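S.K.: Work from the hints to combine the two standalone chains into their complex.
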Amino acid sequence: DAGITQSPRHKVTETGTPVTLRCHQTENHRYMYWYRQDPGHGLRLIHYSYGVKDTDKGEVSDGYSVSRSKTEDFLLTLESATSSQTSVYFCAISVGTREQYFGPGTRLTVT
Amino acid sequence: GENVEQHPSTLSVQEGDSAVIKCTYSDSASNYFPWYKQELGKRPQLIIDIRSNVGEKKDQRIAVTLNKTAKHFSLHITETQPEDSAVYFCAAKGVGDGNKLVFGAGTILRVKS
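Protein chains in written order, with my numbering: chain A, 1 to 111; chain B, 1001 to 1113.
For the record, the hints were derived by calculation from the structure and aren't laboratory data. All values derive from a computational prediction rather than experimental measurement. Beta carbons: idealized from backbone N, C-alpha and C, even for Gly. Be aware that one or more of the hints could be misleading.
To be verified - Only pairs whose alpha carbons sit at most 20 angstroms apart, straight line, appear in this in silico EDC-like list of lysine to aspartate or glutamate:
hint, chain 1, residue 1, chain 2, residue 2
1, B, Lys1042, A, Asp38
2, B, Lys1057, A, Glu99
3, B, Lys1037, A, Asp38
4, A, Lys57, B, Glu1002
5, B, Lys1037, B, Glu1083
6, B, Lys1042, A, Glu99
7, B, Lys1058, A, Glu99
8, B, Lys1037, A, Glu99
9, B, Lys1058, B, Asp1017
What the hints assert, rightly or not - Which chain A residues stay away from chain B? Per the calculated CB distances, all over 10 angstroms, these:
hint, residue
10, Gly16
11, His24
12, Asn28
13, Ser61
14, Ser80
15, Thr82
Bound-form chain B, shown alone (with noise of 0.2 angstroms):
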């Protein structure tokens, strides 16, 4: 099945810096790649997400790349603020039933003002 791993796992950037979290899967017929941000105590976000026929989408301060050959894609924040601060989670959805997705570990951004 489908494996996901995601890098760094913790990041401290300084405010107005970009942050860059990466991740890599293991299906290559995965199709569906989606990015969500939790706060503490909060519940997971959708933020953005790229599907397999797209190599970039942007919306605003973020961005994410995805390189199919390799395997990996990638979250941007540019211009990083304090709110951007949270744990952000990567996933693939694999082939199969159930549109299930696999998720990264997750990563704790911190942005330091």
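Excised from the complex, chain A in its bound form (with noise of 0.2 angstroms):
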């Protein structure tokens, strides 16, 4: 499992509300990720991380921000959570260049 842990892994909350999911590895790997994953989308990058403090957006960016301030944690915010932000989160963390590996998955429900 690469040492991920995902916290919560269940959350459910109103809109409007702000929301922030944990990501932890215990493996000192420099790259992070964070996902959503809808039917019919696959798995679509919201945002990464190359190292603490280094973050860069991804495809599916908007209404979310993240935050490393250390190299084993890294924070997805929903400022103002929406229904169309109920999703299944995961996290993954890159081994060297090349393999990605996730975490168990956060299951969000906005209502």
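M.R.: Written out as structure tokens, the structure reads:
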């Protein structure tokens, strides 16, 4: 499992509330990623990080922000959750320059 | 940027038959092509990958082929078993920062016993 955990694993929140999802890794990998998974869309990259305080946008970054103050933690924040952000969120790490391994996922429901 | 298309979206096969899933990519500079298997309610798991300097790679019952000229790659599963039933995703790694992967939309494989 590449030492990746995500918290919380499930969350239900109301429209307009802020939400933060946490990804934690234990193996000091440089690259970390946040994806969302929706039926018919596969996995889409939200944001990624290539080091502490170094982050960049992916293809579906609107409405999301990220932070990485420590190598082991990568946080995804929904500043004001909307129903369109109901999804399953996966964190991933990159081992070396190619293989990516995924965390267990967080199921987020915005009501 | 990179774009990956995956076909078919669903595939049903009889146990013991072979299954083939195909993906095409748009960026000729892409150099890494992994395949993931995702069982219901679980995380995607890397099952096999291929680099652009290799045409084929096999691992027991699964194999991946790459045609760089045509910009497509395929996953082949032989002697399918019920436990092969899952969603399969292809991906391509484009050129640039971040080792970013672009994923296909997925194929639901059902193996009927």
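S.K.: Of all the hints numbered above, which does this structure not satisfy? Sort the numbers upward.
M.R.: Violated: none.
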